[in-house]
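A.B. asks: Chains as they are written, first to last, in the numbering used here: chain L, -16 to 137; chain U, -16 to 137.
Among the hints, erroneous ones may be present.
The list cannot tell twin chains apart, which means a pair is met if one copy fits it or any two copies do.
As the list claims (entries may be wrong) - Derived DSS-like pairs: lysine-lysine, alpha-carbon spacing no greater than 30 Å straight-line:
# : residue 1 : residue 2
1 : Lys75     : Lys(-6)
2 : Lys71     : Lys(-6)
3 : Lys71     : Lys9
4 : Lys75     : Lys31
5 : Lys31     : Lys71
Quick caveat, the hints were computed from the structure, so don't treat them as lab data.
Protein chains: 2
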Amino acid sequence: MTTEIEIPTAKNYPNASVAHFGPLEKWKETRVPLKQTGDVYPGKTWIKDLLGLTGLELSLSSMPAGASVPYEHIHDQNEELYLFLSGKGQMKLDNKIIDVEAGSVVRVDPAAVRCWRNTGTADLVHIVIQAKAGSLMQWTAEDGTITSQEPNWE
Amino acid sequence: MTTEIEIPTAKNYPNASVAHFGPLEKWKETRVPLKQTGDVYPGKTWIKDLLGLTGLELSLSSMPAGASVPYEHIHDQNEELYLFLSGKGQMKLDNKIIDVEAGSVVRVDPAAVRCWRNTGTADLVHIVIQAKAGSLMQWTAEDGTITSQEPNWE
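Here chain L stands alone, though its shape is the one from the complex (with noise of 0.2 Å):
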């Protein structure tokens, strides 16, 4: 699979990876195919397979002005958060649409109907996760223990 646009690789670490996709206004011009059917969306990007994710799928997206997903789907064991970074758009869940836009955050349980569409004049730049509905048993100060008081960064 060829591309015009170069694709960030990822740099791996032992217990970690890191790839550099640059400012949200970069994003549009990624052209990454869908690993599963090779499709590419242009200004989609699925980090999952680059990064080595084992718990959730996050793409980022830069949709540009006028564009909706041209279909409307459901999940069967995921749930999905959306959260919106810059522009205007709407969601349609269920038979419900909603206006989002910068700052907004949507949680999207499997068996919503749902749809996107950009009804500003600037790209709608948002992210999308998707985590297994359930899966997560704790979280935040119960999942996390403190190793250190005083990091050391020399």
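Got chain L; can you put chain U on it based on the hints?
C.D. replies: Quick look at chain U alone, frame taken from chain L:
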């Protein structure tokens, strides 16, 4: 628990929920207590309980110039994903220090000793996602089913 700043409330739908936090520049103003401890970290907001998420926790975060997480920590069950949205900073991952900026995505395994700080002159705006390591069974095209090829926005 009182706060001088209004905490967004969620609007609930049968299969979804939504809340609005405003543009990234405003995230620094949030003062939301962490549910388990009651501690307030200025500019950091956890949204799992607000939205009723069951598969992941996500925090919105704006760290001022010169600030650092005041400790190093590990996790028990949860993988973390960091996405930096604006500003400049560093993450410490075990004994490796890496530079991060807008568009940097970092996967952190539960066992990695981690810390992060703002090394720039502007706010370091970022999100942190927690999901149970190894919990994602299928994703994107494998988990989704298209229900309509023609979205109806009426």
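A.B. asks: All the hints need checking, so say for each whether the structure fits it.
C.D. replies: Hint by hint, here is what the structure shows:
1. In this homomeric assembly, Lys75 and Lys(-6) come within 30 Å of each other (Cα to Cα) only across copies, at 14 Å, whereas the closest approach inside a single copy is 37 Å.
2. Taking CA atoms no more than 30 Å apart as the test, Lys71 paired with Lys(-6) passes between copies only; the shortest distance there is 19 Å, against 34 Å inside one copy.
3. Taking the shortest Cα distances, Lys71 and Lys9 sit within 30 Å of each other both inside one copy (18 Å) and across copies (17 Å).
4. Taking CA atoms no more than 30 Å apart as the test, Lys75 paired with Lys31 passes in both settings, with 26 Å inside one copy and 21 Å between copies.
5. In this assembly of identical chains, the alpha carbons of Lys31 and Lys71 lie at most 30 Å apart whether taken from the same copy (26 Å) or from different copies (24 Å).
Consistency note: the structure conflicts with none of the earlier hints.
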